[in-house]
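Please take these sequences and the hints and turn them into a complete structure.
From first to last, the protein sequence lines stand for chains A and B.
Numbering-wise (this note's numbering), the first sequence opens with residue 1 and increments by one.
Numbering-wise (this note's numbering), the second sequence opens with residue 1 and increments by one.
Don't read these hints as lab results, they were simulated from the structure.
Hints are not guaranteed to be accurate.
The list that follows gives simulated cross-link-like pairs (lysine to any residue, SDA-like), each with its CA atoms no further than 25 Å apart [said to hold, decoys possible]:
hint, chain 1, residue 1, chain 2, residue 2
1, B, K228, B, T99
2, B, K153, A, E407
3, B, K153, A, E402
4, B, K153, A, K163
5, B, K16, A, D381
6, A, K290, A, P75
7, B, K124, B, R109
8, B, K141, A, E402
9, B, K141, A, A416
10, B, K153, B, Q207
11, B, K228, B, L3
12, B, K141, A, E58
13, B, K67, B, D27
14, B, K16, B, G29
15, B, K141, A, A410
16, A, K290, A, E58
17, A, K163, A, A416
18, B, K141, A, P75
19, B, K184, B, E239
20, B, K228, B, R109
21, A, K290, A, T374
22, B, K153, A, E380
23, B, K141, A, R393
24, B, K153, A, E58
Take a look, some chain A residues computed to stay more than 12 Å from chain B by CB distance [what the hints assert, rightly or not]:
hint, residue
25, L39
26, E135
27, K223
28, D381
29, P392
30, E402
Ideal Cβ positions, reconstructed from N, Cα and C, are used throughout, including at glycine.
Here are the chains, one letter per residue:
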Amino acid sequence: MQPYLAQALDASSTFAGAGVGWIDALRRAGADAYGEHGLPRRRDEYWRYTNLNALLDESFKLSETVPAIGLPTLPHPSVAGLATYRVVLVNGRVQPKLCALDGMPDGVLISGLEDLLAAAPDRLEPYLGQIAPLEDMPMAALNTAFLQDGMAIFIGENIVLDKPVHLISITAPGEGAMMVQPRHIVVLGPKAEATLIETHITATGGSSFNNIVTELQLAEGAKLNHFVFQEEADTSVHLSGTAVSLAAGSFYDSFVLQSGAAIGRSEIRAYLNGPGVDCRLDGVYLGTGKQVVDNTTYVEHAAPECRSRQVYKGVLDGQARGVFQGKVHVMRDAQKTDGHQLSRALLLSPRAEIDARPELEIYADDVKCSHGATAGELDEDSLFYLLSRGIPRTTARRMLIEAFLSEAIAEIPLLAVAEDFSTHVRQWLTGHIDQQADGAGT
Amino acid sequence: MALLEIRNLHANIDGKEILTGLNLTVDAGEVHAIMGPNGSGKSTLSYVLTGRAGYEVTDGEILFDGKDVIEMAPDERAREGVFLAFQYPVEIPGVTSMTFLRTAVNAVREHRGESVFDPMDFVKYVRERATDLNISDDMLKRAVNVGFSGGEKKRMEMLQMAALEPRIAILDETDSGLDIDALKVVADGVNAMRSPERGMLLITHYQRLLDYIVPDHVHVLANGQIVKSGDKALALELEEKGYAEFLENAA
Ligand SMILES: Nc1ncnc2c1ncn2[C@@H]1O[C@H](COP(=O)(O)OP(=O)(O)OP(=O)(O)O)[C@@H](O)[C@H]1O
Ligand SMILES: [Mg+2]
Numbered sequence: 001m002q003p004y005l006a007q008a009l010d011a012s013s014t015f016a017g018a019g020v021g022w023i024d025a026l027r028r029a030g031a032d033a034y035g036e037h038g039l040p041r042r043r044d045e046y047w048r049y050t051n052l053n054a055l056l057d058e059s060f061k062l063s064e065t066v067p068a069i070g071l072p073t074l075p076h077p078s079v080a081g082l083a084t085y086r087v088v089l090v091n092g093r094v095q096p097k098l099c100a101l102d103g104m105p106d107g108v109l110i111s112g113l114e115d116l117l118a119a120a121p122d123r124l125e126p127y128l129g130q131i132a133p134l135e136d137m138p139m140a141a142l143n144t145a146f147l148q149d150g151m152a153i154f155i156g157e158n159i160v161l162d163k164p165v166h167l168i169s170i171t172a173p174g175e176g177a178m179m180v181q182p183r184h185i186v187v188l189g190p191k192a193e194a195t196l197i198e199t200h201i202t203a204t205g206g207s208s209f210n211n212i213v214t215e216l217q218l219a220e221g222a223k224l225n226h227f228v229f230q231e232e233a234d235t236s237v238h239l240s241g242t243a244v245s246l247a248a249g250s251f252y253d254s255f256v257l258q259s260g261a262a263i264g265r266s267e268i269r270a271y272l273n274g275p276g277v278d279c280r281l282d283g284v285y286l287g288t289g290k291q292v293v294d295n296t297t298y299v300e301h302a303a304p305e306c307r308s309r310q311v312y313k314g315v316l317d318g319q320a321r322g323v324f325q326g327k328v329h330v331m332r333d334a335q336k337t338d339g340h341q342l343s344r345a346l347l348l349s350p351r352a353e354i355d356a357r358p359e360l361e362i363y364a365d366d367v368k369c370s371h372g373a374t375a376g377e378l379d380e381d382s383l384f385y386l387l388s389r390g391i392p393r394t395t396a397r398r399m400l401i402e403a404f405l406s407e408a409i410a411e412i413p414l415l416a417v418a419e420d421f422s423t424h425v426r427q428w429l430t431g432h433i434d435q436q437a438d439g440a441g442t
Numbered sequence: 001m002a003l004l005e006i007r008n009l010h011a012n013i014d015g016k017e018i019l020t021g022l023n024l025t026v027d028a029g030e031v032h033a034i035m036g037p038n039g040s041g042k043s044t045l046s047y048v049l050t051g052r053a054g055y056e057v058t059d060g061e062i063l064f065d066g067k068d069v070i071e072m073a074p075d076e077r078a079r080e081g082v083f084l085a086f087q088y089p090v091e092i093p094g095v096t097s098m099t100f101l102r103t104a105v106n107a108v109r110e111h112r113g114e115s116v117f118d119p120m121d122f123v124k125y126v127r128e129r130a131t132d133l134n135i136s137d138d139m140l141k142r143a144v145n146v147g148f149s150g151g152e153k154k155r156m157e158m159l160q161m162a163a164l165e166p167r168i169a170i171l172d173e174t175d176s177g178l179d180i181d182a183l184k185v186v187a188d189g190v191n192a193m194r195s196p197e198r199g200m201l202l203i204t205h206y207q208r209l210l211d212y213i214v215p216d217h218v219h220v221l222a223n224g225q226i227v228k229s230g231d232k233a234l235a236l237e238l239e240e241k242g243y244a245e246f247l248e249n250a251a
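The structure is reproduced here in structure tokens:
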């Protein structure tokens, strides 16, 4: 049997919704799809450069107990200072005492998934497992076999949510090697608007394996800004799979900052199903030591006159490895598609590495598409220019790295998030770059 | 003691010898002009003086204030007071001119044991100097040299010199690409910086600049050496006769 499958089959009979026909069937479909496929391997198109051998021996056990922890000080002061609806997960389970959901407007539901599976599963049935394609996402299939808890958001037609939703996901592994399988669902009605911020952190302890699936559905003209901070500890394997279904005229803007985890992977699959969709997928990643940071995207233009833009920028030091795999798939009817994709990596050390594979697959004839990938060291001319003005080498390098990332961060429409992203980048540079630069000589 | 003394300087790029035994002495308070044919090694000399990577000194000495600078890192030299106005100033997207200038000036001031500026005071300090050079606030807010015209870039180099107050300033063809009015603005800026403590090396192709900034000495650099030195009359002579004489000598 495939690793982790027995754990899923054992545990799921006790999960909320067991006995409800479609929920049982969905968990079984997840188990079957995963059972067929097993853990992703290099021969899988979207897993060419990130291997999961660390998971093979099944040392990670499903978290059974949730430690009673308070809300930790978050690494993002500006976001922490925002008024938000707050959902807090510890080890994949919603902690009602740490959440702040008072004052939700009529027509808005923000809830723990487990509660909803028990209380009103019918609301979830049309969406859950319907957006993420299990056959293309083996880790989402595994997550589905473990389907238990997470966050659910429903925003009704024409409602502009008054505050962002902040999802704080804390993994607290205790002594051993712990696994969590959270599942999130966000459904925006026609012309609804919302902002979702996610923070992923680890409490001290053993190692952890966090396998997250998020399904997003945007109806006609809906608008979602989605910001993710992935700052888990270097004892963590963080795999996130997001699938977003976009109806006509909707707008989805995603920005992912990854700097944590031993293996950090963000896969986003966007389905542009109606005309006039605007979809932006951006990311910044920072890697050092032996980290692997993977950003994988799939953008499917199924309807005409949609726009998609992707810009991923990374800084890699030490022996870190970055991965960017992105495919823009333009189907035959998707005339007037405007699709762009760019990967840029800065390699600060001779042993850092990037595997970038931007791809276009185009079946329509009247489209405007481009893709590109660059990788390189800091520009010597720029560095010398700063040095020649007396700026110390460490500072000069830091200025150039920040400048490289700042263009990406400047695109973030929510000021508090942009501020925290910059602060985080600056702190990371102070922590990881300075010692190295000092030893670099002239 | 001379401010800058270069003795028998040999330097390579990619294993190819470009400077072939160059001698030059600049005393404090003096302005020296260096002229010479394209490819003779003028910019190379400016990069060797500022310590650019890839420029290897194989023989000779560079003494700045009596100290050997060859082993000094470029940022260290700059903090000691060596300044180069680049022939081709570099564009740095994502770094605003103001931040760049403040970081540089504060690094240099800290090194000299002077107080560093906070951002507000610094804006004042820079504005005073920028106005004289016709540099707008808008330019200072933009990224370093990005989208600047050729002339704007050269004026920005002059602003950096004025703000950093170096002991020796090397101006590599700061006059090229300037219109007549800008040339006057730049020349006025340079003249204002002339002082008994400061030395200057003006690299130029045009004697016209020397009408505005009258040099104490003029040198001809050809084939990696100073082959002739004189006063400002030499510049006029070169204007008339060109460099044929020196190139033939070398052949
Ligand atoms: N990176 C390099 N690799 C090889 N040769 C180089 C390099 N840079 C400069 N050179 C050579 O060194 C010589 C001197 O160049 P340099 O730029 O110092 O000339 P210059 O006197 O400043 O000329 P100009 O008046 O055109 O500015 C030239 O022959 C040039 O081709
Ligand atoms: Mg030159």
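These are the hints, each one checked on the structure:
{"no.": "1", "hint": "B:K228 x B:T99", "result": "violated, 42 Å"}
{"no.": "2", "hint": "B:K153 x A:E407", "result": "holds, 22 Å"}
{"no.": "3", "hint": "B:K153 x A:E402", "result": "holds, 23 Å"}
{"no.": "4", "hint": "B:K153 x A:K163", "result": "violated, 46 Å"}
{"no.": "5", "hint": "B:K16 x A:D381", "result": "holds, 20 Å"}
{"no.": "6", "hint": "A:K290 x A:P75", "result": "holds, 23 Å"}
{"no.": "7", "hint": "B:K124 x B:R109", "result": "holds, 16 Å"}
{"no.": "8", "hint": "B:K141 x A:E402", "result": "holds, 17 Å"}
{"no.": "9", "hint": "B:K141 x A:A416", "result": "holds, 22 Å"}
{"no.": "10", "hint": "B:K153 x B:Q207", "result": "holds, 22 Å"}
{"no.": "11", "hint": "B:K228 x B:L3", "result": "holds, 21 Å"}
{"no.": "12", "hint": "B:K141 x A:E58", "result": "violated, 55 Å"}
{"no.": "13", "hint": "B:K67 x B:D27", "result": "holds, 14 Å"}
{"no.": "14", "hint": "B:K16 x B:G29", "result": "violated, 34 Å"}
{"no.": "15", "hint": "B:K141 x A:A410", "result": "holds, 15 Å"}
{"no.": "16", "hint": "A:K290 x A:E58", "result": "holds, 22 Å"}
{"no.": "17", "hint": "A:K163 x A:A416", "result": "holds, 13 Å"}
{"no.": "18", "hint": "B:K141 x A:P75", "result": "violated, 30 Å"}
{"no.": "19", "hint": "B:K184 x B:E239", "result": "holds, 20 Å"}
{"no.": "20", "hint": "B:K228 x B:R109", "result": "violated, 38 Å"}
{"no.": "21", "hint": "A:K290 x A:T374", "result": "holds, 21 Å"}
{"no.": "22", "hint": "B:K153 x A:E380", "result": "holds, 19 Å"}
{"no.": "23", "hint": "B:K141 x A:R393", "result": "holds, 23 Å"}
{"no.": "24", "hint": "B:K153 x A:E58", "result": "violated, 61 Å"}
{"no.": "25", "hint": "L39", "result": "holds, 40 Å"}
{"no.": "26", "hint": "E135", "result": "holds, 42 Å"}
{"no.": "27", "hint": "K223", "result": "holds, 29 Å"}
{"no.": "28", "hint": "D381", "result": "violated, 5 Å"}
{"no.": "29", "hint": "P392", "result": "violated, 5 Å"}
{"no.": "30", "hint": "E402", "result": "violated, 7 Å"}
When the structure is compared with the earlier hints, violations turn up for hints 1, 4, 12, 14, 18, 20, 24, 28, 29, 30 and for no others.
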